[in-house]
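Visitor: Residue numbers for the sequence shown follow UniProt numbering, so the first one is 1 and each next one is one higher.
For the record, the hints were derived by calculation from the structure and aren't laboratory data. Predicted model, so just to flag it, every value in this text is computed and none were measured. Don't take each hint at face value.
Taking lysine to aspartate or glutamate pairs in the DMTMM-like style, the calculated list, with each CA pair at most 25 Å apart, reads [said to hold, decoys possible]:
| no. | residue 1 | residue 2 |
| --- | --- | --- |
| 1 | Lys4 | Asp72 |
| 2 | Lys4 | Asp73 |
| 3 | Lys81 | Asp138 |
| 4 | Lys134 | Asp73 |
For each label pair, taking beta carbons as the anchor points, the in silico distance ranges come out as [to be verified]:
| no. | residue 1 | residue 2 | range |
| --- | --- | --- | --- |
| 5 | Thr132 | Gly13 | 33 to 39 Å |
| 6 | Leu49 | Ile124 | 34 to 40 Å |
| 7 | Val9 | Phe60 | 26 to 32 Å |
Think of the CB as a built atom: it goes at the ideal place given N, C-alpha and C, for glycine as much as any other residue.
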Amino acid sequence: MNTKQYLTVFISGLLFGLGLGFSQMIDRERVIGFLDLAGVWDATLLFVLGGAVTVTLISFRFVLKLPNPLLDDKFYLPTQKNIDSSLVVGSAIFGIGWGISGYCPGPGITALVLGSLNPVLFLIGLIIGSLTYKFYRDLNQQSNLNS
Numbered sequence: 001m002n003t004k005q006y007l008t009v010f011i012s013g014l015l016f017g018l019g020l021g022f023s024q025m026i027d028r029e030r031v032i033g034f035l036d037l038a039g040v041w042d043a044t045l046l047f048v049l050g051g052a053v054t055v056t057l058i059s060f061r062f063v064l065k066l067p068n069p070l071l072d073d074k075f076y077l078p079t080q081k082n083i084d085s086s087l088v089v090g091s092a093i094f095g096i097g098w099g100i101s102g103y104c105p106g107p108g109i110t111a112l113v114l115g116s117l118n119p120v121l122f123l124i125g126l127i128i129g130s131l132t133y134k135f136y137r138d139l140n141q142q143s144n145l146n147s
């Protein structure tokens, strides 16, 4: 990556983090309130997600018509279109972790500014889970090569 790309990533991350903060999505109680359909349901997350999806639906129609992104030679779009067991299991694990902790990675990192122990514990779990996945993926790939 070049300097313009790093600067763009930094500014995008900063903007994303500020948006999470202003919308109070770094408050795990608010997120858990959204997931608690049987209790006092908090629809705030629905409006945040609705705003994000609306912006994406409108902007991607124009962006993807460009011959290439502004700071790269090509677009990197997903090519896999089928739903396999890895997608289903990974989604379920993500959802369970989100429901238990009240964080997903972006808000979990952003919530570090609160000085609370909860986001720190979440990020430790995220790192351990990511490293465990990488270990088993590499082990599986190696056993496939040896077969």
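Visitor: It remains to establish, for every hint, whether it holds in the given structure.
Guide: Results for each hint:
With a CA separation close to 10 Å, the supplied pair Lys4 and Asp72 stays within the 25 Å bound. For the given pair, Lys4 sits about 14 Å from Asp73 by alpha-carbon distance, which is consistent with the 25 Å threshold. Only pairs whose Cα atoms come within 25 Å are accepted, and Lys81 paired with Asp138 is accepted, the gap being roughly 24 Å. Proximity of Lys134 to Asp73 is assessed by CA-CA distance (about 29 Å); at most 25 Å being required, the pair is judged violated.
For Thr132 and Gly13, the Cβ-Cβ distance of about 25 Å falls outside the hinted range of 33 to 39 Å, so the restraint is violated. The hinted window of 34 to 40 Å between Leu49 and Ile124 is violated, with their beta carbons roughly 27 Å apart. Under the hint 26 to 32 Å, the C-beta atoms of Val9 and Phe60, about 19 Å apart, miss the expected range.
Consistency note: the structure conflicts with the earlier hints numbered 4, 5, 6, 7.
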